[in-house]
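Using the sequences provided together with the hints, build the complete structure.
So the sequences go chain by chain: F and P.
All residue numbers for the first sequence refer to the working numbering, where the first residue is 1 and numbers rise by one.
All residue numbers for the second sequence refer to the working numbering, where the first residue is 1 and numbers rise by one.
Any given hint could turn out to be false.
Stated by the list, open to error - Below, in silico cross-link-like pairs of lysine-lysine (DSS-like), each with a Cα-Cα straight-line distance of 27 Å or less:
#1 P:Lys166 to F:Lys112
#2 F:Lys126 to P:Lys48
#3 P:Lys166 to P:Lys123
None of these hints come from the bench; they were simulated from the model.
Chain by chain, the residues run as shown.
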Amino acid sequence: MNESLIQYIFGIADNALILGQRLGELCGHGPTLETDIAGTNIALDLLGQTRSYYQYVAQLQGGVATEDTVAFLRLERDYKNVLLVEQPNTDFAYVMARQFLFDQFHLLLLEKLQFSQDETLAAIAKKSIKEVSYHVRFSSDWVRRLGDGTDESHERIQEAICHLWQFTEELFEMTQADSEMVVQGIGVDVSQLKKAYHQNVSEVLSEATLKTPVLEFFQKGGKTGRHSEHMGYILTDLQYMQRTFPNMTW
Amino acid sequence: MTATDIQIEPEFLEVLQTVHDPEIPVLSLLDMGVVRSARRNGNIAEIKISPTYSGCPAMDVMADDIRLAFKEKGIEAKVQLVLSPAWTTDWITSRGREALEKYGIAAPLQPEADKEALLGNKKLVQCPQCGSLNTQLVSQFGSTACKALFQCRDCQEPFDYFKCLK
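Structural data, given as structure tokens:
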């Protein structure tokens, strides 16, 4: 069993799971029918991608592991998602800002991951790129609309971008599993994606008449399992059924 | 990979033709380009299908429907999901495109045109009801992962557009 590879996959897949769960919370609560449907569609794509990754992890772990045990039976510290994706659905501006800041990174990551020496990861990345291109379009479009919209919408999306900015630096942090997988030609050197990310993000923000925040101090920790106070609540919801009724199936 | 790379043993064609997309019942899985191969291995039919979208909930139903259709013919079918090469809307056959239009879903355009229709607000998507090009995008995401929501400004009917995936 290749533990580094599994940890590496968690670093990618857990982002999709937790963001998918966050978006899922909004199902039926979107500000308009169209944005509600869009949010749940994006959640569905992300959870679909999560399944592909977790099925692969279960195969690597062998024994009784399934995609469900991987998703539902880990402890908080075992999840390796970035802090950004676990941030709450404060309001629509926060939801779109979080989506935008993650989508822009997600696409850059997948564009590199599709050339991974690991065939399964390469296949999942290739499949996901098509979906994530739609996510990037959608969230970038909303950042423009809100930024270049009314005074109120401008102020609120700017506030959301400024608040969430402190979680962006973590996206480019290299974990031990990252470094090991890069050496093997399996993983992506995320530290190399930073320049393109800032360029793409700033471009949209300037079109949206928004300021790109400048920060000295950033929050980190999710990638090594040290999460924000929000994570426990997410897992309480996410794992409720399996914890309450172990091994239950639909 | 193109539609011609599909390898389906002729004996299985008839059964597979009876299995349809649960969300778009006029479209058979063959016309959708979802079935990539169907081979006989002893008494077992080995079927490989390619998901349209990673999270498409219809995939599990499709796999069940395939197993069921084969079972009715007394054949055991094993269905495997393959991710690579990734499904594209190019794999929808011309018969499939026609079925979509008749059903009221606008068939996918080329990638560039798709981008312009969805983002540039260019009038490229034709209303499947009245044929007018005077249509507008209502939402990039529609009733299922594969569709966007449009409305015709002439006949006023809302309709789905099957998003180009390449």
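To see whether the hints hold, each was checked on the structure:
1. A distance of roughly 17 Å separates the Cα atoms of P:Lys166 and F:Lys112; the hinted pair therefore holds under the 27 Å criterion.
2. Distance check on the hinted pair: F:Lys126 and P:Lys48 sit about 18 Å apart at the alpha-carbon level, within 27 Å; holds.
3. Using a Cα cut-off of 27 Å, the hinted pair P:Lys166 and P:Lys123 holds, with the two alpha carbons roughly 21 Å apart.
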